[in-house]
Amino acid sequence: MMKKVLITFFASLLSVCALAQAESYDVVVYGGNSSGVIAAYTAGRQGLKVAMLERTSHVGGLTTSGIGNVDIGWSQTVGGYTADFLRRVGAHYGAPHRMQISLECSVAEKIYLEMLEEAGVEVFFGTRMAQSGGVQKEGNRIVSITDETGRKFSGKMFIDATYEGDLMAWAGVDYIVGRESREEYGEYSAGISEYKILRTYTSEEMAALRKWTARYPLDIIFAEKEKEGQADARSQAYVYRLTVTDNPDNRVPFRKPESYDPARYDNVLQRIHRRGARTFKQILTLYPLPNQKYDLNHMDLINASWNYPEGTYEMREALDQYHRTYQEGMLWFLVSDPRVPEELRADVSRYGLAKDEFVDNGNWPYQLYIREGRRMKGEYVMVQQDAWENPKKEDGVAVGSYFLDCHLVSSILTSRGVLMEEGNFPYTPYRPYDIPYRSITPKKAQCTNLLVPTCLSASHVIMASLRMEPVYMMLGQAAADAASMAIESGCAVQDIDVKELQKLLKSQKQLITYKTPTDMFIDPSRLEGIVMDDTQLGLHEDLWSHSTSQGPFMLYNYRFAPTSPNGRLEAVFAPKLEKGKYEVQIMYSASGNRVRKADVTVLDKKGSHPCPVDMTVRPKVEGLWHSLGTYTHDPKKPIKVVFTNKGEGGVVVVDAVRFIKK
Numbered sequence: 001m002m003k004k005v006l007i008t009f010f011a012s013l014l015s016v017c018a019l020a021q022a023e024s025y026d027v028v029v030y031g032g033n034s035s036g037v038i039a040a041y042t043a044g045r046q047g048l049k050v051a052m053l054e055r056t057s058h059v060g061g062l063t064t065s066g067i068g069n070v071d072i073g074w075s076q077t078v079g080g081y082t083a084d085f086l087r088r089v090g091a092h093y094g095a096p097h098r099m100q101i102s103l104e105c106s107v108a109e110k111i112y113l114e115m116l117e118e119a120g121v122e123v124f125f126g127t128r129m130a131q132s133g134g135v136q137k138e139g140n141r142i143v144s145i146t147d148e149t150g151r152k153f154s155g156k157m158f159i160d161a162t163y164e165g166d167l168m169a170w171a172g173v174d175y176i177v178g179r180e181s182r183e184e185y186g187e188y189s190a191g192i193s194e195y196k197i198l199r200t201y202t203s204e205e206m207a208a209l210r211k212w213t214a215r216y217p218l219d220i221i222f223a224e225k226e227k228e229g230q231a232d233a234r235s236q237a238y239v240y241r242l243t244v245t246d247n248p249d250n251r252v253p254f255r256k257p258e259s260y261d262p263a264r265y266d267n268v269l270q271r272i273h274r275r276g277a278r279t280f281k282q283i284l285t286l287y288p289l290p291n292q293k294y295d296l297n298h299m300d301l302i303n304a305s306w307n308y309p310e311g312t313y314e315m316r317e318a319l320d321q322y323h324r325t326y327q328e329g330m331l332w333f334l335v336s337d338p339r340v341p342e343e344l345r346a347d348v349s350r351y352g353l354a355k356d357e358f359v360d361n362g363n364w365p366y367q368l369y370i371r372e373g374r375r376m377k378g379e380y381v382m383v384q385q386d387a388w389e390n391p392k393k394e395d396g397v398a399v400g401s402y403f404l405d406c407h408l409v410s411s412i413l414t415s416r417g418v419l420m421e422e423g424n425f426p427y428t429p430y431r432p433y434d435i436p437y438r439s440i441t442p443k444k445a446q447c448t449n450l451l452v453p454t455c456l457s458a459s460h461v462i463m464a465s466l467r468m469e470p471v472y473m474m475l476g477q478a479a480a481d482a483a484s485m486a487i488e489s490g491c492a493v494q495d496i497d498v499k500e501l502q503k504l505l506k507s508q509k510q511l512i513t514y515k516t517p518t519d520m521f522i523d524p525s526r527l528e529g530i531v532m533d534d535t536q537l538g539l540h541e542d543l544w545s546h547s548t549s550q551g552p553f554m555l556y557n558y559r560f561a562p563t564s565p566n567g568r569l570e571a572v573f574a575p576k577l578e579k580g581k582y583e584v585q586i587m588y589s590a591s592g593n594r595v596r597k598a599d600v601t602v603l604d605k606k607g608s609h610p611c612p613v614d615m616t617v618r619p620k621v622e623g624l625w626h627s628l629g630t631y632t633h634d635p636k637k638p639i640k641v642v643f644t645n646k647g648e649g650g651v652v653v654v655d656a657v658r659f660i661k662k
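Heads up: the sequence shown begins at 1 in the working numbering, then just goes up one per residue.
Treat the hints as calculated values from the structure; they're not laboratory data. Any given hint could turn out to be false.
Heads up, simulated SDA-like pairs for lysine to any residue below, C-alpha to C-alpha not over 20 Å straight-line [stated by the list, open to error]:
| id | residue 1 | residue 2 |
| --- | --- | --- |
| 1 | K444 | K355 |
| 2 | K506 | P341 |
| 3 | K196 | P248 |
| 4 | K156 | E138 |
| 5 | K196 | K355 |
| 6 | K211 | E258 |
| 7 | K597 | N566 |
| 8 | K515 | E389 |
| 9 | K225 | E258 |
| 10 | K662 | D614 |
| 11 | K110 | M299 |
| 12 | K355 | W332 |
| 13 | K281 | W212 |
| 14 | K355 | P248 |
| 15 | K256 | M299 |
| 16 | K605 | N566 |
| 17 | K225 | K355 |
| 18 | K637 | P619 |
| 19 | K636 | L603 |
Source: prediction; values computed, not measured.
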């Protein structure tokens with residue numbers, strides 16, 4: 001018989017709840033995001049009494065608040081109740097055996113609520129811990145947590161499923177905010193990254209900037225460059241992931257915010273001119289969703305994330321609004337500013353917010369995309385090497401498979417008027433990797449009945465991969481199963497039998513490891529010559545799609561595009577080489593759907609050299625490389641290798657180019 005979920009709209013019962021006696025639970029899940037939902041569902045299915053506390057009036061976190069295009073990585077690595085959820089989404093859209101990763105947020109929330117009802121979970125909406133004295137401990141165990149109204153929730157086990165890590169931090173568990181140095185864990189992508197110069201302002205322009213940035217102090221920070229590789233306390237940029245539509249019957253036109261100032265978007269205008277953008281999809285990313293909707297991405301507001309993880313509730317709410325005003329203003333700028341090309345304004349005007357999403361919040365998502373909050377320093381700290389050199393773990397409870405995706409962290413304007421940005425990683429190898437149980441457990445001396453599946457024990461670098469919703473869901477399942485075992489055994493979460501936990505997870509169809517072919521991912525550091533990968537080119541993903549369907553490939557994927565007689569796409573490899581002669585080789589994975597005469601050209605001091613390539617034929621050099629010949633590099637007329645999508649009868653692949661000095 002299906003258990004009935006108790007949905008308590010706590011905000012309407014404040015006076016009653018403040019006087020009510022604390023009720024005891026087996027498991028208290030703090031945070032109703034995707035990880036929290038799966039954790040609560042898992043614990044409920046085990047027959048445990050479960051309370052899930054959620055600060056908003058909605059469950060699902062980002063999966064129900066904008067991320068309709070689910071960042072899944074390798075679908076083969078997703079299992080357990082996460083895969084079950086995605087198949088339920090597929091069933092809603094008429095494909096019950098498919099894990100559907102393109103969804104409407106309203107549909108995702110409906111399914112989450114059904115799952116919580118099935119598991120008999122008590123959900124308390126509008127419930128946040130008190131900012132002072134919110135956690136009660138006896139020794140190294142949490143006894144209860146207290147919300148803002150004074151109501152206590154006691155439990156045997158607690159799960160912190162928030163994006164910020166409040167319960168973990170306020171329970172006295174070690175954590176970090178920001179970036180480690182390269183020296184701390186030997187991660188070459190750690191710390192402050194290489195700065196990219198965007199433009200230089202005159203002294204008059206600088207004076208004007210100082211005036212409007214007084215109103216918007218986080219848009220641009222006046223500062224000097226810092227040393228690359230050093231640690232800091234900054235987090236990667238946040239954003240609202242909007243659901244938009246070009247269906248006139250379901251469209252709410254973009255609105256002008258009250259504090260709109262077009263000067264905030266001069267850099268957007270520069271980007272428009274730099275790209276020659278004439279359509280919405282050329283300036284921002286629109287992921288197609290069902291029913292003529294789109295998940296709108298890449299409206300990041302750099303710098304505004306830094307104080308969020310440890311901010312007060314009031315500060316976070318102010319930063320939420322700061323982001324919202326910025327993004328509303330950008331959309332209004334794109335449809336209204338006369339400096340924006342008329343063709344682009346007309347195209348953006350075809351879109352608007354989806355009228356049937358987020359209907360009780362002005363069609364705006366409920367949750368800011370907290371890409372990175374606090375990160376626990378637990379029994380095992382995951383680092384960059386765990387995604388490449390050290391992917392296997394004896395205590396694995398889930399598998400990560402998304403690339404190490406770090407958005408920009410800082411945007412500064414120097415005293416010389418130079419605008420710079422930094423935060424993205426250089427090309428970073430990865431492969432599917434095991435996530436150890438130790439990474440979701442605190443140090444035993446600090447807390448023995450807490451599990452942390454979202455703000456888990458990881459460095460800034462590896463968190464760029466771990467931070468995806470399917471991983472959070474799978475770790476939520478592992479956390480709940482571990483909590484159930486700790487309750488049954490009467491032991492600390494650090495002392496459960498992990499082998500038994502793995503057996504339980506496998507019985508629930510969770511993947512705890514993934515065996516990848518050893519020759520699938522090619523590591524450029526082990527190869528002769530100078531290797532450039534497609535990840536270094538900055539190719540637009542709406543134009544050059546990425547894939548892992550046919551290996552081998554360099555690092556973690558390759559790019560491809562369909563050919564056409566009038567193809568206009570280009571991918572240009574322009575290496576930094578010493579003067580001399582070099583053999584030029586290209587890497588591609590051969591397949592029957594490839595073009596038989598790929599348009600590849602080498603440029604050097606002697607001119608242009610067309611080198612058509614039959615990409616249906618496997619490369620002959622080491623089974624990986626196809627030689628284009630030997631060419632002369634001169635700094636004044638350097639070697640370049642140019643791929644285009646001109647041609648007929650297949651797709652052109654862009655993966656890697658190698659330069660071997662002769």
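A quick look at each hint next to the structure:
no.: 1; hint: K444 to K355; result: violated (49 Å)
no.: 2; hint: K506 to P341; result: violated (55 Å)
no.: 3; hint: K196 to P248; result: violated (40 Å)
no.: 4; hint: K156 to E138; result: holds (12 Å)
no.: 5; hint: K196 to K355; result: violated (39 Å)
no.: 6; hint: K211 to E258; result: holds (18 Å)
no.: 7; hint: K597 to N566; result: holds (14 Å)
no.: 8; hint: K515 to E389; result: holds (14 Å)
no.: 9; hint: K225 to E258; result: violated (34 Å)
no.: 10; hint: K662 to D614; result: violated (25 Å)
no.: 11; hint: K110 to M299; result: violated (27 Å)
no.: 12; hint: K355 to W332; result: holds (17 Å)
no.: 13; hint: K281 to W212; result: violated (29 Å)
no.: 14; hint: K355 to P248; result: holds (10 Å)
no.: 15; hint: K256 to M299; result: holds (16 Å)
no.: 16; hint: K605 to N566; result: violated (28 Å)
no.: 17; hint: K225 to K355; result: violated (44 Å)
no.: 18; hint: K637 to P619; result: violated (28 Å)
no.: 19; hint: K636 to L603; result: holds (12 Å)
Of the numbered hints given earlier, the model fails hints 1, 2, 3, 5, 9, 10, 11, 13, 16, 17, 18; all others are met.
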